[in-house]
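Top line first, the protein sequences correspond to chains A and B. Taking my numbering, the leading residue of the first sequence gets 1, the next gets one more, and so forth. Taking my numbering, the leading residue of the second sequence gets 1, the next gets one more, and so forth.
Since the hints were made in silico from the structure, they are not lab data. Be careful, since some hints might not be right.
Claimed, not checked - Straight line, CA to CA, 25 Å or less: simulated SDA-like cross-link-like pairs of lysine to any residue: (1) K223(A) <-> L188(B); (2) K223(A) <-> E128(B); (3) K194(B) <-> A210(A); (4) K194(B) <-> Q88(A); (5) K223(A) <-> K194(B).
Listed below are the residues making up each chain.
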Amino acid sequence: MNHFRTHLGRTTLALASATLVAGVSLAASAESPHPAVETLLEMGYPAPQEGELVHIPPTMADLEASDLHPETKQVIRRGYDLFTNTQQLRGENVFNDMNCSSCHLGEGRQPFSAPVWAAAVTLPNYRGKNDHVNNLEERIAGCFAYSMNGVPPEYGSDDMLAMTAYHQWLAKGAPVYPDQPIYGRGFPAPDRPDELSYENGEALYVENCAVCHSEDGSGYYEKGEYVFPPPWGDGSNNWGAGIVRLFTAAGFIKNNMPLGQPMSLSDQEAWDIAYYMSSQERPQDPRYTGDVAETLERFGPTFHRHSLYGQEGPDGEVLADHANWGEKGDEVKPWNVGQPRFEELKAQ
Amino acid sequence: MTSKRIAGGLGLLLGVGLAAGQAMALEGDAERGQAAAGTCVACHQGDGSGMNVPGGESWPRLAGMDASYIAKQLHDFKEGRRQNASMMPFANMLNDQQIADVAVYYSEMPVTGAQGGDVDESLLDRGEQLALRGDWDRYIVSCKSCHGPRNEGAGSTFPGIASQHAGYIENQLRAWQADERSNDPQNLMGAIAKRMSDEDIRAVSAWLASQSVASE
């Protein structure tokens, strides 16, 4: 286990520097990098490649200092609040133990942790997952249906507006539909090793992850309040969430975990832990047809070929061969799943 | 998802030696703990409130701290896994059962207030920022991410830091920075501490001290 140590002996008030560099987008060049990028380099992340779009989102302190209308600030704050404490929608839109910021670290701003501003400038766009053009609200609706094992807020609702406003605030200054690749987008996967080991993954999980996420993967709540999210089980994302894909899980782990020690695990270690984690059970995919093999066949090409859905699990059982919907039960169904768009256009 | 799960896991996961494992298995008794805590009172006070000693060695509040956490620290002092010239002789006076007892004794005390939070507002604001939101541009994760929503602790692994003396928190963070303290699991705290500026340390310590914790 690497003990990752970094010492940045800065004495300046970071608040001042944040205001100065609020919402800065640059094409990567030979000039001296943004302080946040300097930090990333010191943490072991790759440097921006020539021509990559580097965007460091503004902070909530920048929001307060900005000239936006006070009501706009209020709505963006509401979006921030929902993003970082999505649990407040528990029982209404959220039916598990997660927050958006459980995986989108650093309030959704953090490069290499799927910063959410990117969705605001690359959508509307076609998405293979549902085979049609999605806008930002539909993208967010997917997060509720899958990652939160829940039901999305209605399109156009106050909460949806607040969340999209937060996404867009974070995108301040970034070009819309950028041509360049985006530095730090998503959870970039390390190269997949030749062999993946469940046993290794389990041992590594116990050694590195269980201290926060518990040995049984249930995460940790302190007196009923969220502290650490569950990587599997009924409290976790369901089988439809992007992170069930091995490469996404490996990318998340490698670039972000253990918390505060990114890039400290080897590629093999990250993939093995991802393999172990992805072999555990969780609530059913909302796209379930009633038969796991049929669901796998239908959604394999676009999605589940990257996951262990319908594959043999550690005890010889078939993973996701069940109708366990977790806390939402089988009465609550996400209305956005399977909803088609542009049927007339497609018929042409 | 109860504190028991983390505490139970600790026995397996810490691997800090048989002594700690045995202590986890020993049941503590507060009444016996009170008797054994005679030598603790001079610094940690009768009500477990400790004392803030600006510029010196502060004595932490023990009142209301998690019992397993206290026990682990005492074992770590004894075994030299946590270095402190003041605490080592006192920890050596206690046998395993007494450690379990004083830990329970202090854990059952109502949480007391802390000193050292009386600093200017901009420093407090910075402290609040770090404690609740962090500073991710410097890869400083918020304190509450691990120490719980109000920094009152999470299980036995992550101690409560709200309503703790600023001087004590400062000293610990500096100790981690200087590699003088390293008994945290997996260097989780050390990694964060090493990214904090001196101003950050003073800010977050003052803010945490200014958080008055209502005890259950």
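Legend entry - Agreement of K194(B) and Q88(A) with the hint, judged by alpha carbon distance not exceeding 25 Å: violated, 34 Å
Legend entry - Hint consistency between K223(A) and E128(B) [alpha-carbon to alpha-carbon, up to 25 Å]: Roughly 22 Å separates the two Cα atoms, so the pair holds.
Inset, instruction - For the pair supplied as a hint, K223(A) and L188(B), confirm whether the alpha-carbon distance does not exceed 25 Å. - result: holds, 23 Å
Inset, instruction - Assess, step by step, whether the Cα of K223(A) is no farther than 25 Å from the Cα of K194(B), and give holds or violated. - result: Judged against 25 Å, a Cα distance of about 30 Å means the pair is violated.
Legend entry - Holds or violated: K194(B) to A210(A), with C-alpha atoms at most 25 Å apart: Roughly 23 Å between the alpha carbons, so the hint for K194(B) and A210(A) holds.
In summary, the numbered hints that this structure violates are 4 and 5.
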